[in-house]
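I would like the entire structure built from these sequences, with the hints used as guidance.
Protein chains in written order, with numbering that gives the first Met the number 0: chain A, 0 to 766; chain B, 0 to 126.
In case anyone wonders, no lab produced these hints; they're calculated from the structure.
Some hints could be false.
For each label pair, taking beta carbons as the anchor points, the in silico distance ranges come out as [said to hold, decoys possible]:
no., chain 1, residue 1, chain 2, residue 2, range
1, A, ARG721, B, VAL92, 19 to 25 Å
2, B, LEU57, A, LEU40, 36 to 42 Å
3, B, LEU65, A, LYS519, 55 to 61 Å
4, B, ALA95, A, LYS548, 48 to 54 Å
5, B, GLU7, A, GLY41, 52 to 58 Å
6, B, ALA95, A, ARG603, 31 to 37 Å
7, A, LEU33, B, VAL92, 54 to 60 Å
8, A, ALA522, B, PHE94, 53 to 59 Å
9, B, PHE94, A, THR586, 38 to 44 Å
10, A, LEU46, B, LEU65, 35 to 41 Å
11, A, THR727, B, VAL10, 40 to 46 Å
12, B, GLU7, A, LYS651, 43 to 49 Å
13, B, PHE94, A, THR574, 52 to 58 Å
Now the stretches of chain B that chain A is said to cover, found in silico as 3 or more residues with beta-carbon under 8 Å [claimed, not checked]:
no., segment
14, 14–21
15, 41–47
Even glycine gets a Cβ: it sits at the ideal position worked out from N, Cα and C.
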Amino acid sequence: MTVQTRLSAAEASLPDASSPDLSDGQKPAAPSALSRVWSWLGWGLALPGLAGVVLVPMDWSGQMMAMIAVIAALWVLRTLPNDEPGSPLRLLVLLLTAIVSLRYIAWRGLFTLNSSTLISTALAVILYLAEVYSVVISLLGALVNSTPLRRPSLMLADLPPETALPTVDVLIPTYNEPAEMLEVTLRAALQIQYPADLLRVYLLDDGGTDAKIAQVDPENAAAAQARRTTLQALCHRLGARYLTRAENSHAKAGNINSALAHTDGDLIVILDADHVPTGDFLNRTVPWMVKRPDVFLVQTPHFMINPDPIDRNLLQSFRRMPSENDMFYQTIQKGLDFWDSSFFCGSAAVLRRAPLMAIGGLAGQTITEDAETAITLHGQGLKSVYLDRPMVAGLNPETFTAFVIQRMRWAQGMTQILLLKRPFMAPGLSWFQRVGYMSSLLFWLFPFARMIFIFSPLAYLIGGFDVYNASTMQILAYTVPHVLAGYIMSDMLFGRTRWPLISEIYELMQSIFSLNALIKVVANPRHPSFVVTPKGDTMAEEFISPLAKPFYGLFVLVGIGFIFGGWRLWDDPVTRDMTMVVLVWNTLNFLTLTAALGALVERRQRRASPRMPAQQTGTVLTGAGVSCDIDDLSAGGARLLIDPSAPQIPRKGDLIRLAAPAPQAGRTVMLSCEVCSVFPLRRRLALGVRFVPATEAEANDAVVLAFGDSARWQFFLDRRVRPIAFTTALSMIFGLIWQPVLLHARMLRAAIRLPSCLQTRQGSTHE
Amino acid sequence: MVVVTLDELAVHMRSLTGAEQGLRWARRLFSTGCALFYLAFSTLVFLMQYSPVGQIALFIGSLLTLVISVPLIPVAWLARRRLWRQRNRLHGVLFAQGLRVDEAGRVVTNDPHPRLIYDRARLSGAV
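Below, the structure is given as structure tokens:
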């Protein structure tokens with residue numbers, strides 16, 4: 000290369016530099032009265048027109064001709080450039096899909112619910128309601144994600160030089176997380192680039208409250224006292240401030256509210272105990288607060304550095320496939336942001352103190368205090384900003400049990416908000432904010448629909464109930480186009496961040512347990528208590544999740560459905576067509592369920608702190624110095640790749656020094672390391688090293704090197720987020736259904752040889 | 000091909016841009032062909048099985064569409080495959096040298112803190 004130019008920071012933030020969107024992140028000014036009149040007039044004409052198109056009567060043949068044309072049009076439209084927010088083609092795809100789905104729902108409601116018996120009719124209505132729910136969620140999702148907002152990059156350096164920066168309190172609430180985990184988070188928080196006199200870091204310990212120390216059980220009381228002493232010493236050593244309170248009321252929200260009374264920063268950053276911030280967190284978030292006084296929240300994504308248990312146990316594609324929360328943080332939150340309804344997600348966010356104090360601190364009526372607080376503040380006309388740059392690295396729950404605990408809490412909390420806060424009629428919210436919140440809240444009712452879709456074919460195959468009264472030709476004219484159009488729309492909106500068919504597995508895995516939890520909330524909305532998600536578990540051996548039993552039961556039931564279906568196919572020629580259709584439906588359920596069984600075998604995991612790919616260079620300082628590539632990295636160690644022909648190759652047990660540039664910090668860090676392993680890898684020599692920091696500064700540098708760089712997280716995400724074809728996803732699922740068979744066979748062999756080793760922690764209730 | 004100078008990189012990028020554009024068109028052509036085939040075939044099946052007499056215009060229209068789409072699909076598919084391979088090969092050359100093309104069409108180093116190597120808008124291509 001003859002010319003190399005270093006990109007400026009702004010250019011280096013690639014999506015921002017090329018973003019065609021609004022330069023200062025502000026949307027156009029509010030519409031005038033005249034434009035509002037036109038807008039209402041437009042809606043007044045459009046809605047009856049839409050209703051006419053949806054309800055116009057057609058026999059099945061006319062419907063089929065119309066749908067053939069619409070699906071052909073959608074097929075072509077999806078290949079045209081339509082990924083620009085607000086593109087007319089994009090809106091056309093959404094409109095056509097809405098028409099297809101609404102015609103389907105109208106037809107189902109008007110013509111297919113008549114059944115021979117009362118029970119059949121009841122079951123048919125239940126299935127219909129589940130379908131109505133799915134269509135409503137799909138249409139709300141289409142509206143929310145029609146024009147995702149890409150905020151430009153804004154840094155402290157972009158502010159006028161005389162700007163007075165606000166003081167910032169970083170609050171890290173903790174309940175039962177280990178001190179080692181907290182140490183990394185505290186060190187990273189203390190290394191955030193911001194004027195030192197304006198930044199304070201607090202550890203809010205709810206595991207060492209006065210009430211915990213004074214509890215009756217002497218063992219638990221001693222443990223709480225020991226925890227308090229340990230964490231106080233840790234905070235003292237690092238330069239953070241330790242806060243606790245008298246009793247553990249209102250869980251995390253109560254903990255933070257208690258801290259708000261003892262702190263006075265203009266802005267508040269809330270970080271979960273396992274959420275490690277990068278150095279530029281405040282550099283990129285605070286300017287939005289300074290420039291926009293009406294903003295109460297700047298939310299950033301939760302970037303997870305380890306796979307969730309379904310990914311780890313079954314899919315094993317953490318580095319290649321968008322993870323489950325990528326769809327929410329990289330697509331949906333941007334869609335919500337356009338409609339001024341991106342909401343607080345409990346961590347990785349900056350909040351403005353004044354409006355928060357004005358409403359009495361974080362809301363504590365529900366167990367998802369984050370979204371609840373955002374609804375209240377949005378209702379007061381305040382704005383939120385969503386910045387799509389990963390600047391906080393967190394941990395996914397390691398076990399399926401922990402995963403279910405976390406998801407049950409989210410499902411229960413969001414349903415509590417739906418029932419108690421009623422955002423559809425909450426004062427102060429605009430109509431689009433109501434739509435945004437309802438889309439986010441109603442989604443969590445999916446377990447009802449998912450279970451109905453599993454049991455409905457079984458009701459027909461095993462029980463003989465007519466739950467779906469339609470001829471094969473009607474299904475081809477109405478149902479198939481509805482499914483195809485839904486797929487095309489979903490692929491357009493979410494194709495990059497959620498691969499086809501993967502959602503089915505995730506939703507099914509959660510449905511069984513979330514359904515029970517949701518029923519409890521609906522029965523008593525104030526009942527649920529905050530359960531802390533266990534993080535940082537390790538598994539010495541493989542074992543079958545203790546939550547597996549219901550899945551085996553369901554698996555057997557769906558299998559029995561095939562036997563009855565076969566018999567029905569042979570025995571009753573009149574209903575043969577319908578039986579074939581229902582068998583196809585049951586097969587899809589069976590495939591999903593079979594794949595899901597693979598996620599129930601908890602794979603071995605020995606490393607407590609996961610390592611992430613690093614893609615950077617360094618120097619091993621042994622004599623002359625050997626240049627190396629840092630292959631992966633965590634706060635505790637790294638894997639270095641060196642040339643096998645290097646003059647002085649370290650051996651196992653050697654103590655070496657590693658020099659590595661930390662680009663975000665703008666300096667080179669020097670770390671003492673112990674070589675734990677040496678082995679050949681990809682024509683290089685790999686050194687597995689463990690950091691053995693000699694000083695506090697060196698320990699800080701290890702955290703800066705491992706977690707300080709948001710560009711590294713962005714780079715990782717950009718490699719992973721991409722669409723795949725439906726056929727590729729289908730072949731992936733077919734590949735996965737063998738996994739459970741192989742895994743269970745291996746488990747069976749292991750169970751015969753050795754008793755399984757189980758190391759899981761149940762979630763502990765946070766009062 | 001091993002890219003070493005900016006001149007060679009400029010030529011390489013011209014090929015890559017051409018391949019990307021060609022691939023986009025081939026994809027659209029293939030999808031259009033498939034959609035036309037699906038439309039014409041479904042209409043013909045429907046007409047032959049269920050429609051009463053008097054749909055001759057629709058019948059001829061579908062037949063013509065079918066005649067156009069049948070050769071279009073394999074041609075577009077082959078073009079798409081050829082351009083897809085060419086595009087991947089050209090990207091592979093850059094990747095092997097630790098480079099990639101960013102969203103703005105610039106050649107940058109393939110790491111979290113990319114350095115600008117070649118920008119057609121800034122440089123004429125001369126060394």
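Taking the hints in turn, this is what the structure says about them:
1. A C-beta distance of roughly 20 Å is found between ARG721 (chain A) and VAL92 (chain B), which places it inside the suggested range of 19 to 25 Å.
2. A hinted range of 36 to 42 Å holds for the C-beta pair LEU57 (chain B) and LEU40 (chain A), which are about 37 Å apart.
3. Roughly 58 Å separates the CB atoms of LEU65 (chain B) and LYS519 (chain A), a value that falls within the hinted 55 to 61 Å.
4. Hint check: ALA95 (chain B) to LYS548 (chain A), Cβ distance near 51 Å, so the stated range 48 to 54 Å holds.
5. For the pair GLU7 (chain B) and GLY41 (chain A), the beta carbons lie near 55 Å from each other, so the given range of 52 to 58 Å is met.
6. Remark: the range hint 31 to 37 Å for ALA95 (chain B) to ARG603 (chain A) is upheld by a beta-carbon distance near 35 Å.
7. Separation of LEU33 (chain A) from VAL92 (chain B) is about 57 Å and conforms to the stated range, judged on CB atoms against 54 to 60 Å.
8. Evaluation of the 53 to 59 Å hint for ALA522 (chain A) and PHE94 (chain B) yields a pass: the beta carbon distance comes to about 57 Å.
9. Distance hint for PHE94 (chain B) and THR586 (chain A): a CB-CB separation of about 40 Å, consistent with the stated range 38 to 44 Å.
10. At roughly 38 Å, the beta carbons of LEU46 (chain A) and LEU65 (chain B) sit within the given window of 35 to 41 Å.
11. For the hinted restraint 40 to 46 Å between THR727 (chain A) and VAL10 (chain B), the CB-CB distance of approximately 33 Å leaves it violated.
12. In this structure, GLU7 (chain B) and LYS651 (chain A) meet the distance hint of 43 to 49 Å, their C-beta atoms being roughly 45 Å apart.
13. Checking the proposed 52 to 58 Å range against PHE94 (chain B) and THR574 (chain A) shows it holds: the Cβ atoms sit about 57 Å from each other.
14. For the segment 14–21 of chain B, the proposed coverage by chain A is not satisfied: 0 residues have a C-beta within less than 8 Å of a C-beta in that chain, short of the threshold of three.
15. Beta-carbon proximity to chain A at under 8 Å applies to 3 residues in the segment 41–47 of chain B; the threshold of 3 is reached and the given coverage holds.
Taken one by one, the earlier hints fail for this structure at numbers 11, 14, listed in ascending order.
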